[in-house]
Amino acid sequence: MLKAYQHGRSLAAIIDNTGAIKPADLLAFIVLRNETVRLPYFLDYYRKLGVRHFLFIDNDSSDGFIDRVGAAPDCSVWHTRASYKASKYGVHWLNYLLRKYGTGHWCLTLDPDEFLVFPHSDSRSLTELTAYLEQEGKTSFFSIMLDMYGDGAVDDAVYRQGQDPLDVCPWFDATGYYQDKRPNYGEWWIRGGVRRRVFFPDQPWNAPALNKTVLVKWQRYYAYIASTHIAWPNKLNRPHFSDTLAPTGCLLHFKYLSLLREKVEEEMERKEHYAGSREYSRYLDGLNNQTVLWSPASVRFRGWRQCVDLGLMNVGRWF
Amino acid sequence: MMKLAFIILAHNDPGNLFRLVKRLTVDNDLAIVHWDKKNPFDLQAAAKDHLDRPALARLRFARRVAVEWGRWSMVEATLAGLQELEQSGEAVDYVVLLSGADYLIKPVATLKSFLRRNGGKEYIECVDPDTDPWVVQGLVKERFLHHHWFNWRDNPRLFDWSLKTQKKLGLKRKAPENLKPHFGSQWWALTWPTLQQVLAASRRRAIRQFFKTTWVPDEMFFQTIVASIVPKESIVSSGLTFYHFTHQGKPLVFYNDHFDFLAQQDYFFARKLSMQASKLRDKLDDLIDNSAGSNASITALNKHLDSYQYFISVQWRGIPDRRVIGRQLDPWYGDLEWNKKPYFAILSYHGAQLEPLRAALNALPGICCYREIFHGGHIDYALPGKEHPLYPANKPALRDMKRPNFLVDLINTNPNLVSGFILRLPCGNEMEKMVIFDPQATVIFVLPDDNYLPAGSDKLNWHSAFDNMIMYDYLAEVQRAGKKITLLKASRHVIPPESIIEVSEQVRFLQTTAPR
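From first to last, the protein sequence lines are chains G and U.
Each residue of the first sequence is one higher than the one before, starting from 12 at the first, in the numbering used here.
Each residue of the second sequence is one higher than the one before, starting from 46 at the first, in the numbering used here.
Excised from the complex, chain U in its bound form (with noise of 0.2 Å):
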C-alpha cells in the first residue's frame, strides 16, 4: 500500500486549511502543517477542535519560520516540514508539496494508482534555463549570477540598485558542487529516497550559502537538487498541481463559478482557491467522492486552457459588438462604433418625392423605413406603432442630444426588422457624414436627373452642379473613398420605377444577409 505525505505551506485561513487536511488524510497519509511564524494565531490549539482524532493523528507541525516572499525563508519553511517528516520515522513513498489555498480535484486513490503505475517518477518542473526560457518576463539568470540581498517587494530600487552594481562590476557566480541550476514551478511530488538526498544537501553549508542570495530560491532549490541527483529520464518535467498565471504574472484565482473549469483539467490539485470559494470546495468534495469508486484515471498530466484563453482574446478589448462603458473612439460617433446591423439611408436632394419610394419599400416582408427622422422639431417617424417608446416624436431633444446613439437605438428595436430612413441634404446635423462612412449603412443616393455628371465620365460638371453643391460633395467624397453607393436619377423630381425596383431588391438582400 503507497503511503503519501502533503506539506502543507499556509499562512492565513485556518478554516480552509483544516478542510484541506481532512480531506487529504482519509486515507491514512500524513500531513505536514507549515503555519508561518508571522501569523501569531494558535493553530495547534485550533487544530484539536476542527479535526477529528482520526486526522489529528496523522497531522504534524512543521518549525514554524517566518516567510518572506521571494527569500530563502520559503525554502526554509518547506525543508522544515521534511524535517518534520524525517523525525517522525514515518516510512512514505511520496512527499507532495502544497499550500493551504490548494484543495484536490482527484480522490487520493486515484492519485496514488496514477504515481503506482508510473512507477518511482519525479514530478517536478525541472527547466534549464540554458536550453528553455522559462520565465517570460523578468530575471532568470539573474537570480542566481548576483547575489540577492533585498526583497524586489519592500526595495525595489535597492534591489535594482544591487543587481546594477554587481552587474558593472563584472562580479558573478558560480553554484557551489558543479550544480547546474534548474528552474521550475514552486509545487512538487517526490519520492521520499531522493528528498532525503536533497535534505542532506541543504545541509551542506556551501549550498545553503549560495541559496540564500539567490532571487526565489523556492523555484530554483529544489529543481536544482533533483536535476543533479536524479537521472532526466525519470523526471516528469510537471507537478501534480494545476495552476495559471495571469497576463500580470499573478496566479489565477479560482472561484464558486469555476468548477466546471477545475473539473476538467487533468491534475489532482487545484492552485489556489478563493477563500471564499466554499461552494467550490463542496462541489469538488462531491466530485471526489462520487468520483472514488470508479476507475477513473489519469494517463497524463495535462492543462485544459481552451475556455480561459478564449476569454482572454475575447475580453482583452471588449465583446464584439457591443458597447463598452468607459471606453469609446470618438464622442462623435457614439454608440455606432460597437453597432454591428445593418441599414439603409436615402440620402436626398430636397425637392425629390420619395414617397412612393418609401411605399415600396414598406411593403417588403421584415423592412422598416422611416421618413425624415432626424430632421425638424419632432421626429417625424411617419411608420406608426414602430415608434421607439424612449424617444417619444414629440421630445426630439432627447434625439439631438446624441444622434448617432439614437439611431442604434432605433435599428436594434427589432432584431428582425431592417430599418433606414430619409436624410435631405443639406441637413444641418452632420448626421450624414456619419452615415456615408459607417460600414453597416447602405446609402442610397438621390440626385436630379440632370448633366451635372456626364455619362461614361467620373468628373462632376460643377458649372451646373452648383445647385445641389452638398450632395456632389458627398458623392465625389464617396467615390473616392471607393464606397460602394446606390445612385438614383430622379427626373422631374419623381423616381422611376426602374430604380424603386432596384432599391428594393438591394434592401431586401440586406435583409436576408442581416445577422441575428
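With the rest of the complex left out, here is chain G (with noise of 0.2 Å):
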C-alpha cells in the first residue's frame, strides 16, 4: 500500500476528466506502452459493453497515445517515465489510481489486448453482470485467460487500426489447461494453453498463469498483488460461492500479433519484464524461427456458448 503510494506519486496527470465520472459507473484502468494501434477497437469493444471512463497509465510511449485519446471525454492518462519493473510491473501504479479512482466502483483492469468474453456477452452488458453479482453479494468476477492466434507465423498476423482482434487471430487451444490452487491467496492458478505448449513445452510448469481477476468491486484497502492474477484480500480471487457456482468469464488475449516482434525486441533491450523477461526471450526465438502456433486441435472462436460447451466458462446461477 505504501509502495503504491511511492510510486503513485511518479505519475502524472496529462488529461484529467475523472470529474466526469459518476458513483455507479463502471472503471477501466490500463497500463500501456506503445500501443495505440490497438486503442480504437479496444475503446469501442468496452464502451459497449457499459464501461465509462478509461484511465490510463501511459508508461513513456512514443506513438501518438496522447494525440489518440486525447479529444475523448471518457478517458483520463497520466504518464510516467518510471521503470516498469520497479512498480512491480505496473501493479503499484495501478494500486495508486484504484484506491483513488475506483473505490466504491466496479473496476475493470486491462491490457489493452485482453477483451473480456462472460457468460451472455452477446446480449447482455458488464454493468448487468455486475449488477448481478452485486446483488448475490460477490465482490469479484473470475476469469481464465485465452491467448488468440492466427493460423500462420505470428509476423503474418498482421492488425490494422480499428480492426477486430478476431478477424486476425480466431484460433485458440480448447484443452490443455490445468487448475490448482494454491495456498498462499487461495487463487486458482491457471496454466496452459498456447504459451505452455509452444512456449515452454520443457518446463511446463513455467508457462504463466493464467487465472485473471479483472473485475472488481474497488475498496480503499483492496491490492493487485501480482498482476491482475492475484488480488488481496483473499476473497476477491475465490470463483465462487461457498455453496454454489457464479459465473466466470473467459478473457481473449491477442498477443500473437505481428506487433509482438517489435514489442519483443525492445522489452529484450530494456528487460523490464517479469521473471528476467524469460517470457520474452522465449517470443523471440519463437518469432524468429517463424513458429506456427496453429496446430489441428486449434479451435476457433464462436462465442461465449462455445467457452461454455467447453467447460472454460461458468455460466453459474445467471438466468
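Check the hints yourself; a few may be wrong.
As the list claims (entries may be wrong) - The calculated lysine-lysine pairs, modelled on DSSO-like cross-linking and capped at a C-alpha distance of 27 Å, are:
(1) U:Lys-82 x G:Lys-33
(2) U:Lys-186 x U:Lys-219
(3) G:Lys-228 x U:Lys-83
(4) G:Lys-192 x U:Lys-440
(5) U:Lys-431 x U:Lys-385
(6) G:Lys-59 x U:Lys-257
(7) U:Lys-257 x U:Lys-213
(8) U:Lys-295 x G:Lys-228
(9) G:Lys-192 x U:Lys-386
(10) G:Lys-228 x G:Lys-192
(11) U:Lys-528 x U:Lys-478
(12) G:Lys-192 x U:Lys-82
(13) G:Lys-59 x U:Lys-219
(14) G:Lys-96 x G:Lys-111
(15) U:Lys-157 x U:Lys-48
(16) U:Lys-534 x U:Lys-478
(17) G:Lys-33 x U:Lys-295
(18) U:Lys-317 x G:Lys-228
(19) U:Lys-317 x G:Lys-33
(20) G:Lys-59 x U:Lys-386
(21) G:Lys-33 x U:Lys-93
(22) G:Lys-33 x U:Lys-324
(23) U:Lys-225 x U:Lys-257
(24) U:Lys-385 x G:Lys-192
(25) U:Lys-386 x U:Lys-431
(26) U:Lys-440 x G:Lys-33
(27) U:Lys-67 x U:Lys-82
(28) G:Lys-246 x G:Lys-14
(29) U:Lys-209 x U:Lys-225
(30) U:Lys-295 x G:Lys-246
(31) U:Lys-317 x U:Lys-166
If you are wondering where the hints come from, they were derived from the structure by calculation, not from laboratory data.
Now that you have both chains on their own, put them together as the hints suggest.
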C-alpha cells in the first residue's frame, strides 16, 4: 500500500477527466506502452459493454498515444517515465489509481490486448453482470485468459487499426489447461494453452499464469498482488460462492500479432518484464523460427456459449 | 368501455419510465407516476420533451415522497398516487400498481377483456400467515407483532436488537379494528370502489400508526385492508405482474435474451426488466402490436417456470460432465473428475508380449489402443496419425505436468473412437492408482500364468506372488472394492488367442455403448 503511494507519485496527470465520473460508473484501468494501434477497437468494445471511463497509465509511449486519446471525454491519462519493473510490472501504479478513483466502483483492470467475454456477453452488458454479482453478494469476477492466434506465423498476423482482432487471430487451444489451488492467496492457478504448448514445452510448469481477476468492486484497502492474477484480500480470488457456482469469464488475449516482434525486441533491450523477461526471450526465438502456433487441435472462437461447452466458462446461476 | 389507471412507482431511469407510460396510455387509460423525492431529476419537465400531447394529457404526477425500502414511505407513495387519482375526479374501474422497471407482456386490450370476463375480482396476493407459510425464510409475524423503528438495510444490528429486546420483554401488539394481518406481493390490481375504502382506512389514525412501525408494510397494508373489506371469494390471490425471486430472495432480472421466457407467461406485466434491456422491450412491443388484433386471451394467471427451474438445478453444481473452472475435488485427479467417456487400460506385468493383443484391438472398428503412453522419455503412441496434436511425442513434459488431463484430452480427441492404452507395472507415475478406480475405465489385468492365484480360491499365494507384488496388490485391492475387471493369464508371456477374443468382445461392447 505504501509502495503504491510511492510509485503513484511518479504518475503525472496529463488529461484529467475524472470529474466526469459518476458514482455508479464502471471504470477501466489500463497500463500501456506503444499500443495506440489497438486502442480504437478496444475503446469501442468496452464502451459497448458499458465501461464509462478509461484511466490510462502511459508508460512513456512514443506512438502518438496522447493525440489519439486526447479529445475523448471518457478518458484520463497519467504519464510516467519510471520503470515498469520497479513498479512491480505496473501493479503499484494501478493500485494507486484504483484506490484513488476506483473505490466504490466496479473496476476493470486490463491490458489493451485483452477482451473480456462473459456469459451472455452478446446480449447483456457488463453493468448488468456487475449488478447481478452485487445483488448475489459477490464483489469480484473470475476469468481465465485464452491466448488467441492466427493460422500462420506470428509475423503474418498483421493487425490494422480499428480491426476486430478476432479477424486476425480467431484460433485458440480448447484443451490443455491445468488448474490448481494455491495456498498463499487462495488463488486458482491456471496454466496451459498455447503459451505452455509452444513456448514452454520442456518446462511447462514455468508457463505463465492464466487466472485473472480483472473485474472487482474496489474498496480502499484492496490491492493487486501479482498483476491481475492475484488480488488481496483473498476472498477476491475466489471464483465461486461457498455453496454454489458463480459466473466466470474468459479473457481473450491477442498478444500473438505481428506487433509482437517490435514489442519483444524492445523489451529484450529494456529487460522490464517478469522473471528476467524469460517469457520474452522465448517469444523472440519463436518469432525468429517463424513458429506456427496453430495446430490441428486448435479451435476457432465462436462466442461465449462455445466456452461454456468446452468447460472454460461457467454460467453460474445467472439466468 | 372499461377504464384503467396505472400507478407507477419509479426512482430512476426516466427513459424507460416514459416508454412504459407511452405504452400504458395508448388506450385512453391513466398513468400516475410517483417519482421518488430522493432523485432530484425534474421528471415533469422531461416528460414534456419525451411524450406527445395525448400521452401527456393522460399522465399525472403524484405528491412526491422520499421512499425508503421496507418502510411505510413505500405505502405512502402508493397512497399519494391514489389521492392524485381521487383528486383528478376521473372515473376508473381498476387501478394497477406497477414499478418503473416493469413492462407489458400482453396488450392492454387483452387485460381489459380479462378483467371484464372475470367480473370485478380483486387481484392481490393475500395470504393468511396462520394457514399458509408465505415467506420461506425470514420474518413473518414478527413484521407486525413488534414495533420496527429501524431499517434493516441501514442498521441491521439495531433492527435485530430492537426486535430481540421486545421479544424478551414480551411486548406484543395487536392490529387495530380487529384487523387480521395478511401478506402478499407488493404489486396488485384492485377495483376503484375497494381502493376508495382503502383510502378512507388509510386516513384513520389508528391504522396509520399501526402500519408505520411494521416491517415491509407494502407487502401487508393493502393486503390486510382488502382482506377485511372484500369477501374472500372475490379475491384472486395473485397480482397481474409476473415476477420471480432468486434463491437469494432478490427479484429475477430480465435481459435482452429473455423474450421467449417472458412471452410464455400468462400474466400481463413482467417485473423486473434490466434498465438496458431495450431490445427486450422492442420485442415485447412487437409482440403486443402483433397480437392486439387477434383474440389471444388468458383464462388464468399462470407462471411457467420449467426452464428456469431446470436451469437452476443444473447450474447449482455446474453442467454434468463439464469441467468447472475454479473448482475441483482433487488436484491429482485433475480433469478425470469431469470425464464421462469410457476408455480401457491394459495393466500388465513387464514381460508380457502385448503387441498381438494390441493389433487385434486396433483391427476393430472405432477402437484405438495406444502403446505405453505414460512411460519413459517420449510419448509412445505407436499409432501413426492418432497422436494428440497438443502433446507431441517428443515433449513428454507437457504430458507429465498433469497426466490425468493428458489422458482426458487424448480419449476425447475423437468422439467416435474408444481409446485405451498399456500400463506396465510398476511404472512409478501412479497413473494406475487413478485408472483402477476410475468408473470410466475398463481395466484389463495381464498376469503371468503361474500358481500365485490357486484355482477356486480368492486368496493369493503370497510366497510365490512376490515377483509381481505390485500387480497382485492392486488386484487384491480391486477385488476388495468389488470393481469388475478382466483377468488374463499369459503363459510364457504370450496371451492365448481365446483371451484376445474375450478382450476384443468386451472392448467392442464398450464401443457400442459409448455415449455420443
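Verification of the supplied hints:
1. Among the hinted pairs, Lys-82 (chain U) with Lys-33 (chain G) is consistent with the structure: their alpha-carbon atoms are about 20 Å apart, no more than 27 Å.
2. A hinted pair counts as satisfied when its Cα atoms are at most 27 Å apart, and Lys-186 (chain U) with Lys-219 (chain U) qualifies at roughly 11 Å.
3. Simply put, Lys-228 (chain G) and Lys-83 (chain U) have alpha-carbon atoms about 24 Å apart, close enough for the 27 Å limit, and the pair holds.
4. Annotation: proposed proximity of Lys-192 (chain G) to Lys-440 (chain U) holds, straight-line Cα distance about 25 Å (limit 27 Å).
5. Annotation: proposed proximity of Lys-431 (chain U) to Lys-385 (chain U) holds, straight-line Cα distance about 21 Å (limit 27 Å).
6. Of the pairs offered as hints, the one joining Lys-59 (chain G) and Lys-257 (chain U) is violated, with about 44 Å between alpha carbons and a cut-off of 27 Å exceeded.
7. Distance hint between Lys-257 (chain U) and Lys-213 (chain U) is fulfilled; the C-alpha atoms sit about 22 Å from each other, no more than 27 Å.
8. Pair hint Lys-295 (chain U) plus Lys-228 (chain G) holds up; C-alpha atoms about 20 Å apart against a cutoff of 27 Å.
9. For a cut-off of 27 Å, the pair hint linking Lys-192 (chain G) to Lys-386 (chain U) stands: about 26 Å separates their Cα positions.
10. Straight-line distance between C-alpha atoms of Lys-228 (chain G) and Lys-192 (chain G) comes to about 23 Å, which keeps the hinted pair within the 27 Å bound.
11. Proposed proximity of Lys-528 (chain U) and Lys-478 (chain U) is supported: the alpha carbons are some 13 Å apart, at most 27 Å.
12. As the CA atoms of Lys-192 (chain G) and Lys-82 (chain U) are separated by approximately 49 Å, the hinted pair breaks the 27 Å bound.
13. Under the criterion of a C-alpha separation no larger than 27 Å, the hint pairing Lys-59 (chain G) with Lys-219 (chain U) is inconsistent with the structure, at around 55 Å.
14. Taken as a hint, the Lys-96 (chain G) and Lys-111 (chain G) pair is honoured in the structure, with Cα atoms around 22 Å apart against an allowance of 27 Å.
15. Distance check on the hinted pair: Lys-157 (chain U) and Lys-48 (chain U) sit about 8 Å apart at the alpha-carbon level, within 27 Å; holds.
16. For the hint pairing Lys-534 (chain U) with Lys-478 (chain U), the CA-to-CA distance comes to about 21 Å; that is within 27 Å, so the pair holds.
17. Annotation: proposed proximity of Lys-33 (chain G) to Lys-295 (chain U) holds, straight-line Cα distance about 25 Å (limit 27 Å).
18. For the suggested pair Lys-317 (chain U) and Lys-228 (chain G), the alpha carbons sit about 24 Å apart, so the restraint of at most 27 Å is met.
19. Proximity of Lys-317 (chain U) to Lys-33 (chain G) is assessed by CA-CA distance (about 24 Å); at most 27 Å being required, the pair is judged to hold.
20. With a C-alpha separation of about 40 Å, the suggested pair Lys-59 (chain G) and Lys-386 (chain U) falls outside the 27 Å cut-off, and the hint is violated.
21. Annotation: proposed proximity of Lys-33 (chain G) to Lys-93 (chain U) holds, straight-line Cα distance about 26 Å (limit 27 Å).
22. At most 27 Å may separate the alpha-carbon atoms for a hinted pair to count; Lys-33 (chain G) and Lys-324 (chain U) meet this at roughly 25 Å.
23. Taking the CA atoms of Lys-225 (chain U) and Lys-257 (chain U), the gap is near 16 Å; set against the 27 Å cutoff, the hint holds.
24. Between Lys-385 (chain U) and Lys-192 (chain G) the CA atoms are separated by roughly 23 Å; this keeps the pair inside 27 Å, and the hint holds.
25. For a cut-off of 27 Å, the pair hint linking Lys-386 (chain U) to Lys-431 (chain U) stands: about 17 Å separates their Cα positions.
26. Note on Lys-440 (chain U) and Lys-33 (chain G): the hinted pairing is violated, with a Cα-Cα distance of about 53 Å set against a maximum of 27 Å.
27. In summary, the hint linking Lys-67 (chain U) to Lys-82 (chain U) is supported, as the alpha carbons are separated by about 22 Å, within the 27 Å threshold.
28. Taken as a hint, the Lys-246 (chain G) and Lys-14 (chain G) pair is honoured in the structure, with Cα atoms around 22 Å apart against an allowance of 27 Å.
29. Under the criterion of a C-alpha separation no larger than 27 Å, the hint pairing Lys-209 (chain U) with Lys-225 (chain U) is consistent with the structure, at around 24 Å.
30. Taken as a hint, the Lys-295 (chain U) and Lys-246 (chain G) pair is honoured in the structure, with Cα atoms around 23 Å apart against an allowance of 27 Å.
31. About 25 Å separates the Cα atoms of Lys-317 (chain U) and Lys-166 (chain U), which keeps this hinted pair within 27 Å; it holds.
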